[in-house]
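*Asks:* Here is how the chains run, residue by residue.
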Amino acid sequence: MKTQKVTVERFHLNIASEMGLRLVAGAGGLSRVIREPTINRPGLALTGFTKYFASNRIQVFGAAEATYLKTLSEEQRVERYGSLCGHRIPCFVFSRNLKPDSQFIKAAEAANIPVFRCPLITMNFINRATLAMEDMFAPTGTEQGSMVDILGIGVLIKGESGIGKSECVLALVERGYSLVSDDVTKVKLIDGRQIIGTSPDITQNHMEVRGIGIINVAAMFGVKSIRTEKRINLVISLCDWDDVTDIDRLGMEEESVKILGIPVPHIIIPVRPGRDIARLAEVAAFHTKLKLTGHNAAQELDERLKTQLQSRDITVD
Amino acid sequence: MSLVRETPNQAVVRKVLIPNEPGLHARPASVFVKLACKFDSEIWVGCNDDKVNGKSIIGLLTLAAGKGMQIAIEAEGKDAKIAVDALAALVEGNFEIT
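Listed in order, the protein sequences are those of chains L and V. Oh and the first sequence: position 9 is 9 in the working numbering, straight run, nothing missing. Oh and the second sequence: position 58 is 58 in the working numbering, straight run, nothing missing.
Pulled out of the complex, with its shape left as it was, chain V reads as follows (with noise of 0.2 Å):
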């Protein structure tokens, strides 16, 4: 049972791959965070079976994604478009703060 397909209507959805070398590690997942925290909407990053809180740096760290596997983000709000595109551009320019 995959938690990306239960997304209601509303909500908006990117996958991307996690591009660097060890994977999502605390520097990265704090960027993520502190960019994620600027949107009002629900953030919310799936790997394999999990699904976490976006603005959640614990959260991040229990997925373990590594190099090269595929994050869901996930939002929910009157600014998820916008906060998804920003996320996943993020994530696909390595982390590096634009």
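Here chain L stands alone, though its shape is the one from the complex (with noise of 0.2 Å):
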């Protein structure tokens, strides 16, 4: 498990386009770090207060601190704007298109802290930035195995090289199912409980097929039989049949493996020649929706059986 650093450039170079972002100032700060993934309004902190102040987040200037600082002499203001630099911030937005003055200015670029102008409004730019931050700061992966969307259900299938794990993959795509991944799943965390897979994007919509070789799955198969990420639901692990000793026949109890330290269901299935394994990963996902929505196929039986030996137990009385 990985996460990567966020630096202010990483931040700029990821959501510039998006929302306009322009740098105005404190270019040599872009190596700066963002260690935490929220934004903070720095109201408190320019009345002075700065006993609690969440300097580690990226500072927002709205419609309510310009209108502030309009109230204080200049003196006034270069002071609080030099006590507010003092702190390890990592960078400076100004929404709705406010102009930093001239002191702002001079004093984000003595402490070398990127300013940038941005013309959403204070709200939307803290929600998407967020959103953003979220998805930067998410813990990555790299997963062996290849992942299919199967009506909603995303099944990472995992196995040994050799024991039939793109055969599956084809077959699945092929009964109309979408690729999410070939062989190699990229997986990130997303709000601590989520896992998300995805193909690496140089290999996207492509997977190889022993014997025939690379084969681009979009342009074969059409567009609805790929899909570019998907949330895991499901891992199956197809072995070797003489590998599997201790399998759970009910499926009552519920498997699962960790991926980036998150539990996800887990079903182990026997391979042998003759066995269709699409099929059974088809079975398995459907299983797994039926569990999501509350059924257990195994718990009703059993349920249904004790009823009926309790009822027998009445009558024997």
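Worth double-checking, as some hints may not be accurate.
Said to hold, decoys possible - The calculated lysine to aspartate or glutamate pairs, modelled on EDC-like cross-linking and capped at a C-alpha distance of 20 Å, are:
(1) V/LYS78 x L/GLU143
(2) V/LYS15 x V/ASP85
(3) L/LYS158 x V/GLU42
(4) L/LYS158 x V/GLU76
(5) V/LYS78 x L/GLU109
(6) L/LYS5 x V/ASP50
(7) L/LYS188 x V/ASP85
If you're looking for bench data, these hints aren't it; they were derived computationally from the structure. Source: prediction; values computed, not measured.
Dock chain to chain to rebuild the complex, using the hints, since each chain is given by itself in its own frame.
*Replies:* As structure tokens, this is what we get:
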């Protein structure tokens, strides 16, 4: 698992065009690290209260801050700017295209803190920047396995090379499901609980089929056969029939594996010639979907059996 | 966090530089995989922060390892040493089949 350092430069590059962010000062501080994925409005700090100040965050100046600053004298502003820039702030953003005054630019330049202007209104900027940062701060990793979206259930199919992963995926795509990634799946953890799988950019839409070579799935099966990202709901491990000894025959217990520290339901499917693995993967996905909606076939059957056994007890008495 | 350092004791790792222009593209990757598949050991190739199955063409392609970049060839299994030596020699020999 790794979380990349989020520098101001990376933040800027990622969202600049989308949100119309323009750098107006402090270019020398672009390598500053954003240590918290949230935004702060520095109103209180501007009034001089810095006992508790979330200086790790991006500081945004909106209409409220700008209006407040207008009530101050020039000396007061210079003093407050100085105290603000004395903190380890990643960067400042002026929303609503507000223009930072010359004293502010001077203070930011001196402290090497980047200053941006953004045309969005403050609330919009905060919402969008928070979402974008959540994405940038998400822990990521790589899973060995192919991923398919089976009617809304994201299935990661794992197994040793040569066990038939690609054939299974191909059969699923042929049945109308969508390929997310072949062989290598990038994973990221969103809001601390969802695992999202994507394909590495380079190999997107492509897969390798032994004996045929690399195929372009989108070109061959149409645009419905591909999907760029999908939450992982189920992990299927394909294992050699002889290697699987202890298997849950009822499916009553829910097994799970951890991806980026989050447990994901896990099913082991033993592979043997003649077993239609794609069909089994399909049923496993449907099964997961039913379980997600509150049905558990094995448990229901067991309940029925228990009720019947109990009523029989009574008749015997 | 480097993935290579987490290698268990019995695994064999060797780092090599990609010598050819433009790098580890489709053809060299296929030659590499063909050789890798001849060994029983599990084979992994690491580059930057990524680590992929050395027996998967798609996996190797995702590394996008260009000329001059370092890759770590890692094997675990009974023929690990031979596998790593053979694969490292293949890379250093410009992916020419010997």
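*Asks:* None of the hints should be skipped; say for each whether it holds.
*Replies:* Hint check:
1. V/LYS78 x L/GLU143: violated, 24 Å
2. V/LYS15 x V/ASP85: Answer holds: V/LYS15 to V/ASP85 is near 11 Å, not above 20 Å.
3. L/LYS158 x V/GLU42: holds, 15 Å
4. L/LYS158 x V/GLU76: The hint holds at about 19 Å.
5. V/LYS78 x L/GLU109: violated, 61 Å
6. L/LYS5 x V/ASP50: holds, 16 Å
7. L/LYS188 x V/ASP85: violated, 34 Å
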